[in-house]
Amino acid sequence: MRKRVVVTGMGVVAPNAHGLDNFEQALRAGASGIRFQPLLAELKFGCQIAGVPENFDAIRKSYFDNEKLMSINDNIGFASVSAVDAWKDAGFNVPESGDDNVDWDTGVVAGSGIGGMDTIAQNVVPMINEGRVRRLGSRIVEQVMNSGTSARIGGILAVGNQVTSNSSACSTGNEAIIDSLWRIRMGLAKRMIAGGSEGATPYIWGGFDSMRVMCRKFNENPTAGSRPLSASACGFVPGSGGAMLLLEDLETAIARGARIYAEVIGGAVNSGGQRMGGSMTAPNPAGVRKCIRAAVADAGINPVEVDAINGHLTATYADPIEVGNWAAALERTPDNFPFINATKSLIGHCLGAAGAIESVATVLQIFKGFIHPSINCEDVHPDIAAYAAKIPHSCIEFPDVRIIAKAGFGFGDVNSCIIYKKWEEK
Amino acid sequence: MDEKNIFDGMINILKTYTKDPSLLEKATMDTHILNDLKVNSARLVDVVIKCEDVYSISIDDDEADKIRTIGDAVRIVKQKLG
Numbered sequence: 192m193r194k195r196v197v198v199t200g201m202g203v204v205a206p207n208a209h210g211l212d213n214f215e216q217a218l219r220a221g222a223s224g225i226r227f228q229p230l231l232a233e234l235k236f237g238c239q240i241a242g243v244p245e246n247f248d249a250i251r252k253s254y255f256d257n258e259k260l261m262s263i264n265d266n267i268g269f270a271s272v273s274a275v276d277a278w279k280d281a282g283f284n285v286p287e288s289g290d291d292n293v294d295w296d297t298g299v300v301a302g303s304g305i306g307g308m309d310t311i312a313q314n315v316v317p318m319i320n321e322g323r324v325r326r327l328g329s330r331i332v333e334q335v336m337n338s339g340t341s342a343r344i345g346g347i348l349a350v351g352n353q354v355t356s357n358s359s360a361c362s363t364g365n366e367a368i369i370d371s372l373w374r375i376r377m378g379l380a381k382r383m384i385a386g387g388s389e390g391a392t393p394y395i396w397g398g399f400d401s402m403r404v405m406c407r408k409f410n411e412n413p414t415a416g417s418r419p420l421s422a423s424a425c426g427f428v429p430g431s432g433g434a435m436l437l438l439e440d441l442e443t444a445i446a447r448g449a450r451i452y453a454e455v456i457g458g459a460v461n462s463g464g465q466r467m468g469g470s471m472t473a474p475n476p477a478g479v480r481k482c483i484r485a486a487v488a489d490a491g492i493n494p495v496e497v498d499a500i501n502g503h504l505t506a507t508y509a510d511p512i513e514v515g516n517w518a519a520a521l522e523r524t525p526d527n528f529p530f531i532n533a534t535k536s537l538i539g540h541c542l543g544a545a546g547a548i549e550s551v552a553t554v555l556q557i558f559k560g561f562i563h564p565s566i567n568c569e570d571v572h573p574d575i576a577a578y579a580a581k582i583p584h585s586c587i588e589f590p591d592v593r594i595i596a597k598a599g600f601g602f603g604d605v606n607s608c609i610i611y612k613k614w615e616e617k
Numbered sequence: 634m635d636e637k638n639i640f641d642g643m644i645n646i647l648k649t650y651t652k653d654p655s656l657l658e659k660a661t662m663d664t665h666i667l668n669d670l671k672v673n674s675a676r677l678v679d680v681v682i683k684c685e686d687v688y689s690i691s692i693d694d695d696e697a698d699k700i701r702t703i704g705d706a707v708r709i710v711k712q713k714l715g
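Going down the list, the sequences are from chains A and B. The numbering used here numbers the first residue of the first sequence as 192 and each following residue consecutively. The numbering used here numbers the first residue of the second sequence as 634 and each following residue consecutively.
Bound-form chain A, shown alone (with noise of 0.2 Å):
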């Protein structure tokens, strides 16, 4: 019988919250994150708006010693922190630095979409061009290397299993973890810390903005910019940040008595192969539909019994086809279809970070019974009318809500789907 994963920490580091107390009150409330950001406009970006964590130096100051805070950009900064949180979240200690223990059972891995694009344009690029290499000194490559972040989170916490980042654009974050979920299945480790970050800044975004994918109707109110499932959505407002969960082997976590937050019961990946309608940006359906059967096939449930979905959803012209998606894989119809929210309406489209910020909430909803409202689309797209009474507009509460399906849709039409489960016994 394979093994049981279950989540017993959490860590997150969102536009519109930090820590999970915070994220669940700003979750409940339908709090948005995203603000104006003057540098855009300076920059003359069309969409000027944003979701970035507010505070973060401090934050960030408040976690690491200076040695390490000359090595540690937002990507990295956002990655680590919510490791930290999601670690001690689940009742370990985090290690000196002088302490020679390696945990060998314990893993990460953690993930970016583009990811340290900061350090590269206002280190790299500039000081080599000047013909100034020798300067760029020895905190460069750690920042720039796309495993960064796992990196930088192993040797803070001292684990001494798999320690890699992966990357599948906007699916990146729901990846990691399913990575992280097969990993223990196969008896490889005990525990994977395992998510998603994306640095704040407009080196990350203006390819998307040059592409006009980015919300540039809402520069004056910005947040109403998030409109997923809207007839008035007009593109994703770019978000950052990050988040971890601690996913354990059932039995380590029964045996030193850690609080359960939920089992994470199926997840698959797959690729949409660029046909069929799918393309570098955007999925094929075929694909997508595959990936979610294949999910909750994984999860040995009937699709009957997924209570709530919470969406890859960006607040583009796919929202409406995606709706049609989880329809057709989940054969439900406008009358039994599930609760459908969309977290980016509060905290934008947080890229490789989307997924592992996204999954905190839908672990947050399924541990505390509620459903989160999806903010700023009143006016539903006409396309998915009926399934409007679906779409929560203020905080349900769902005491009951047992399993809730999580999926991320991303460039190069590659496809992932989570099933979450309030922990049972059986």
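Certain hints may be false.
Stated by the list, open to error - Listing some non-contacts, in silico: residues in chain A with all C-beta distances to chain B over 10 Å:
| hint | residue |
| --- | --- |
| 1 | 232 |
| 2 | 253 |
| 3 | 286 |
| 4 | 288 |
| 5 | 317 |
| 6 | 328 |
| 7 | 336 |
| 8 | 347 |
| 9 | 351 |
| 10 | 393 |
| 11 | 402 |
| 12 | 472 |
| 13 | 528 |
| 14 | 583 |
| 15 | 616 |
Claimed, not checked - Okay, the calculated beta carbon distance ranges per label pair:
| hint | chain 1 | residue 1 | chain 2 | residue 2 | range |
| --- | --- | --- | --- | --- | --- |
| 16 | A | 325 | B | 714 | 16 to 26 Å |
| 17 | A | 401 | B | 686 | 15 to 25 Å |
| 18 | B | 671 | A | 423 | 28 to 38 Å |
Claimed, not checked - To give an idea of the chain A side of the interface with chain B (calculated C-beta under 10 Å), a few residues:
| hint | residue |
| --- | --- |
| 19 | 252 |
| 20 | 256 |
| 21 | 257 |
| 22 | 258 |
| 23 | 259 |
| 24 | 261 |
| 25 | 289 |
| 26 | 327 |
| 27 | 330 |
| 28 | 572 |
In short, the hints are calculated from the structure, not lab data. As the structure is a prediction and not an experimental result, all values here were calculated from the model. Glycine residues also receive a C-beta, built at the ideal position from the N, C-alpha and C atoms.
Using the hints, position chain B against chain A.
Chain B alone, transformed into the frame defined by chain A:
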């Protein structure tokens, strides 16, 4: 600038790179930067760059390679400042 001033300046520079700054309280000219202060060896290049900035000097690679103790660094800086 006399050796004492440069030594104090060097202690100040090293504070940033030493995981346990209390080790600097007992530091002398003979204190080994890597072994005694537990500075990560990769950070030595940052210490050299910082010295160049603070004293407006240039330390070439061969000279930098010879720095083992605080005294080694102090003597190089003193010599450059003439």
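Right, here's what the structure says about each hint:
1. For residue 232 of chain A, the condition that its CB be more than 10 Å from all CB atoms of chain B holds, with the nearest at approximately 34 Å.
2. Listed as a non-interface residue, residue 253 of chain A keeps its Cβ farther than 10 Å from every Cβ of chain B; the least gap is roughly 18 Å.
3. Residue placement check: residue 286 of chain A keeps its beta carbon more than 10 Å from all beta carbons of chain B (closest about 14 Å).
4. Non-interface call for residue 288 of chain A relative to chain B: violated, since the shortest CB-CB distance, roughly 6 Å, does not exceed 10 Å.
5. Distance to chain B confirms residue 317 of chain A as a non-interface residue, since its nearest Cβ pair spans about 16 Å, more than 10 Å.
6. At roughly 5 Å from the closest C-beta of chain B, the C-beta of residue 328 of chain A falls inside 10 Å, breaking its exclusion from the interface.
7. The Cβ of residue 336 of chain A lies farther than 10 Å from every Cβ of chain B, with a closest approach of about 13 Å, so its non-interface assignment holds.
8. Consistency note on residue 347 of chain A: stated as away from chain B, and its beta-carbon is indeed over 10 Å from all of that chain's, at 13 Å minimum.
9. Listed as a non-interface residue, residue 351 of chain A keeps its Cβ farther than 10 Å from every Cβ of chain B; the least gap is roughly 19 Å.
10. Separation of residue 393 of chain A from chain B is adequate, the least Cβ-Cβ distance of about 27 Å exceeding the 10 Å criterion.
11. The claim that residue 402 of chain A lies off the interface holds: its Cβ sits roughly 38 Å from the closest Cβ of chain B, which is beyond the 10 Å cut-off.
12. With a minimum CB-CB distance of about 40 Å to chain B, residue 472 of chain A clears the 10 Å threshold, and the non-interface call stands.
13. Every Cβ of chain B is farther than 10 Å from the Cβ of residue 528 of chain A; the closest lies at roughly 55 Å, confirming the non-interface assignment.
14. At roughly 49 Å from the closest C-beta of chain B, the C-beta of residue 583 of chain A stays outside 10 Å, upholding its exclusion from the interface.
15. Chain B leaves residue 616 of chain A outside its interface by the beta-carbon criterion, the shortest separation being 45 Å against a cut-off of 10 Å.
16. One distance hint, 16 to 26 Å for the beta-carbon pair residue 325 of chain A and residue 714 of chain B, holds here, with the actual separation near 21 Å.
17. Range check, residue 401 of chain A to residue 686 of chain B: about 37 Å between beta-carbon atoms, so the 15 to 25 Å window is missed.
18. A C-beta distance of roughly 58 Å is found between residue 671 of chain B and residue 423 of chain A, which places it outside the suggested range of 28 to 38 Å.
19. Checking residue 252 of chain A against chain B by beta carbon gives a least distance of about 14 Å; that is not within 10 Å, so the hint is violated.
20. This hint holds: residue 256 of chain A has a C-beta 7 Å from the nearest C-beta of chain B, less than the 10 Å allowed.
21. Look at residue 257 of chain A: its Cβ gets to within about 6 Å of chain B, closer than 10 Å, so that hint holds up.
22. For the restraint placing residue 258 of chain A at the interface with chain B, the shortest Cβ-Cβ distance is roughly 6 Å, inside the 10 Å limit, so the hint holds.
23. Here the hint on residue 259 of chain A is kept, as its CB sits about 9 Å from the closest CB of chain B, short of 10 Å.
24. Among the interface hints, the one on residue 261 of chain A holds; its C-beta lies about 7 Å from the nearest C-beta in chain B, closer than the 10 Å criterion.
25. The interface hint given for residue 289 of chain A is met, as the beta carbon of that residue sits about 8 Å from the closest beta carbon of chain B, less than 10 Å.
26. Evaluation of the residue 327 of chain A hint against chain B yields a held restraint, the C-beta minimum of about 9 Å falling below 10 Å.
27. Hint on residue 330 of chain A holds. Least Cβ distance to chain B is approximately 7 Å, under the 10 Å limit.
28. Proximity of residue 572 of chain A to chain B is violated relative to the hint, the smallest CB-CB distance being about 53 Å (cut-off 10 Å).
Going down the numbered hints, you'll see the structure goes against 4, 6, 17, 18, 19, 28, while the others check out.
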